[in-house]
Structures are given as structure tokens and as C-alpha cells.
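Q: Listed in order, the protein sequences are those of chains C and R.
Sequential numbering from 1 applies to the first sequence in the working numbering.
Sequential numbering from 137 applies to the second sequence in the working numbering.
Calculated from the structure, these hints are not laboratory results.
Some hints here could point you the wrong way.
[To be verified] No farther apart than 25 Å at their CA atoms in a straight line, the calculated lysine-lysine pairs in the BS3-like style are these:
#1 C/K83 / R/K301
#2 R/K228 / R/K190
#3 R/K228 / C/K83
#4 C/K135 / C/K27
[As the list claims (entries may be wrong)] Here are some chain C residues pointing at chain R (derived, C-beta under 7 Å):
#5 Q5
#6 T44
#7 G50
#8 S53
#9 R65
#10 G76
#11 S77
#12 L80
#13 A84
Positions of the beta carbon are idealized from the N, C-alpha and C atoms, including for glycine.
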Amino acid sequence: MSDEQLVGIVLVSHSAQVAASVAELAKGLAGGGPAVPVAPAGGTEGGGLGTSSELIAAAAASVDRGAGVAVLTDLGSAVLTVKALLAEGDELPERTRLVDAPFVEGAVAAVVTASTGADLAAVEAAATEAYTYRKV
Amino acid sequence: MLDADFFRRWMTATAASVDREAERLTALDSPIGDADHGSNLQRGFTAVVAALEKEAPATPGAVLTLAGRQLISTVGGASGPLYGTLLRRTGKALGDADEVSAEQLAEAFRAGVDAVMTLGGAAPGDKTMIDALVPAVDALGDSFTAARTAAEEGAVATTPLQARKGRASYVGERSIGHQDPGATSSALLIAGLAEAAGE
Chain C
1 MSDEQLVGIV
11 LVSHSAQVAA
21 SVAELAKGLA
31 GGGPAVPVAP
41 AGGTEGGGLG
51 TSSELIAAAA
61 ASVDRGAGVA
71 VLTDLGSAVL
81 TVKALLAEGD
91 ELPERTRLVD
101 APFVEGAVAA
111 VVTASTGADL
121 AAVEAAATEA
131 YTYRKV
Chain R
137 MLDADFFRRW
147 MTATAASVDR
157 EAERLTALDS
167 PIGDADHGSN
177 LQRGFTAVVA
187 ALEKEAPATP
197 GAVLTLAGRQ
207 LISTVGGASG
217 PLYGTLLRRT
227 GKALGDADEV
237 SAEQLAEAFR
247 AGVDAVMTLG
257 GAAPGDKTMI
267 DALVPAVDAL
277 GDSFTAARTA
287 AEEGAVATTP
297 LQARKGRASY
307 VGERSIGHQD
317 PGATSSALLI
327 AGLAEAAGE
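Using the sequences and the accompanying hints, generate a full structural model.
A: Structure (C-alpha cells):
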């Protein structure tokens, strides 16, 4: 399976460390399959806590292989900024979708599913389904 | 009629009052938020003024669209996409006319406020910027001064409310008794409009 067909994943957190660590975790748990394009977009450009539309747009462009881009976010301004960028229409790659999912579990589900060559809708469904995973 | 220069004055006046009130906005954001509202908006509106000077957009719609885009890309907090959407959607609704009437502005601004409600999911009474913006929109048909008064009263009226949206909603009942920082900065935006009109 060629890398061109894989859905890209962007992980947006208020914290650069959280975004990068969750990306590393999800890629690690995806194991030895094809390398899914995953990019963290964490914190502000200055390195503080917050959300940067520039980092999000750059991350989305970097993982776009033509099969769509799934964006997972933590909360607050991360969600609102992605929604505002999607409404703008020209700052994110075509077929970019904000996925409604828990951040860590959803990222793992999205990356593992994307590694099978699944399409954007399947990646989104897997990430959203992570909400139903009860721990107790 | 209101031309691009009027809209530039609106943004410049708002930037100046956000500058002046930044510490107060951040102080309001300390007990119920994450204590960054003043500094975030200050950074955003400083970028707005710089971009307007550099790009000199020629129409009212272009001024607001550029301002909104700047806020989304520079604020770094939730107020960025919210205010950015407000101004951008208002700007888009104004189209590419060289001049617009106060009525056209009122109508476009209502579209902007509606877009903010859709984006953030907040309704009147949730203790958010909507509590200043909706009364302002309703009064905008009368005069800019009436809108300013309505926004200021709306902001003050958030004090006894319990927050139901955003970071402040996590503190639950403890949000009661604090004026909402977003409603307060929204009142500054509407005051800037009256100031641009020389009222």
C-alpha cells in the first residue's frame, strides 16, 4: 500500500508537549504497519499554552496525501480555531475534517485505522467510537 | 454612509480601548478563566491595526474580513476564533460595497453574531460575549450610542449569572458574582463603533 493513499492525522492541543506525545503514542501503538502521516500542532507559535492557526494549517498541509485529513483537538480554542479555519474555506487542505473524539483514545484509534488504508469516513468513525470505550 | 475609513477608525478605537483595559480584562478572567483575555486581545488587535495599515483595504467588508482573519491567527485563545468569526462574517455580509448604510451594518453584524452563536454554541444567559452582543445588535437599529449602552448593560448583567460555556463553566457556581470578561470586551468593541461615529 502506498503512502499516498493514507489519511493524514493532525493533533491539536493547547500544549506542544501533549500534542507531540500523543502523536508519538499513537504512532507507536499503530505498530509496524505503513507509516501514517501524523503531525502535532500544539501550543502557540511562541511556545506557550494556546492554539495557533498557523501551526494547524502547516500541520494539515504536511500530512495531506490526497486522501483527506482528520483533525483531532483537545478543547476550547483548539476546537473553535479549527472550526473557524474550516469555515474560512481556503486555509486547510480540501477534505479536512474536524473529528469529534476523545483526544488520546481517538488519536490512537484514528492512526491505527488510517494505517490499514481506511478512508477518511472510516478513520473518523473509529476515532468517534472511542467515546464509547468505558474503563470501569 | 459608512466608508472603509469609518471601519478602520472602529478597529483602531477598539484596539486603543483594549490596550487601555487589558489589565482589567485579564483581572476579570483570573477568578473564572485562565487570566489571559486582556493580553490575548491586546496582541490580536495590535496585529489588526498593523495589518490595516500595511494592506489598506479599500472597502468596509475588506476591513472587517482582514481584521477577523488577523484575530483568528494571532489571539491564541478562544476569543480569537470567536471575535475573528464575528468580524469576518460581518465583513462578508457587507460584500464589496465602497460604502454601507448603518442599517446594512446592523443587518451584517446580526449575521456575524449569529455565526458566533453557531461556532461557540452559546445562547443569551450563558454568561458569554453573546450577552453583550445580542442586546447591542437589537439596539443598533436605533443608534450606535444606544448599542453601546445596551452592550455595557448586557456585560454588567452577566455578573449574577452562572457560566454555562467555556472554561468558566468548569468553576460552576463560583462563576456567579463575576462579570464575564468576554461580554466586557464585547462592550469595548461596540463602544469603539460609537467612537468611530463620533458619538
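Q: Does each hint fit the structure? Answer for all of them.
A: Going down the list of hints, with the structure as the test:
For the hint linking C/K83 to R/K301, the alpha-carbon distance of about 16 Å falls within 25 Å, and the restraint holds. Among the hinted pairs, R/K228 with R/K190 is consistent with the structure: their alpha-carbon atoms are about 21 Å apart, no more than 25 Å. Only pairs whose Cα atoms come within 25 Å are accepted, and R/K228 paired with C/K83 is accepted, the gap being roughly 17 Å. With a CA separation close to 22 Å, the supplied pair C/K135 and C/K27 stays within the 25 Å bound.
Evaluation of the C/Q5 hint against chain R yields a violated restraint, the C-beta minimum of about 32 Å exceeding 7 Å. Taken as an interface hint, C/T44 checks out: its beta carbon lies about 5 Å from the nearest beta carbon of chain R, inside 7 Å. For C/G50, the suggested interface contact is upheld, since its CB lies about 4 Å from the closest CB of chain R, less than 7 Å. Evaluation of the C/S53 hint against chain R yields a held restraint, the C-beta minimum of about 5 Å falling below 7 Å.
Given hint, C/R65 at the interface with chain R, is violated; its Cβ is 25 Å from that chain's nearest Cβ, farther than 7 Å. Satisfaction of the interface hint for C/G76 is found here, the shortest Cβ-Cβ separation to chain R being roughly 5 Å, below the 7 Å cut-off. A cut of 7 Å between beta carbons decides the hint on C/S77: the least distance to chain R is about 4 Å, and the hint holds. Checking C/L80 against chain R: minimum C-beta separation of about 4 Å stays under 7 Å; hint holds.
For C/A84, the interface hint holds, since its Cβ comes within 7 Å of a Cβ in chain R; the closest pair sits about 4 Å apart.
Hint check: violations occur at hints 5 and 9; the rest are consistent with the structure.
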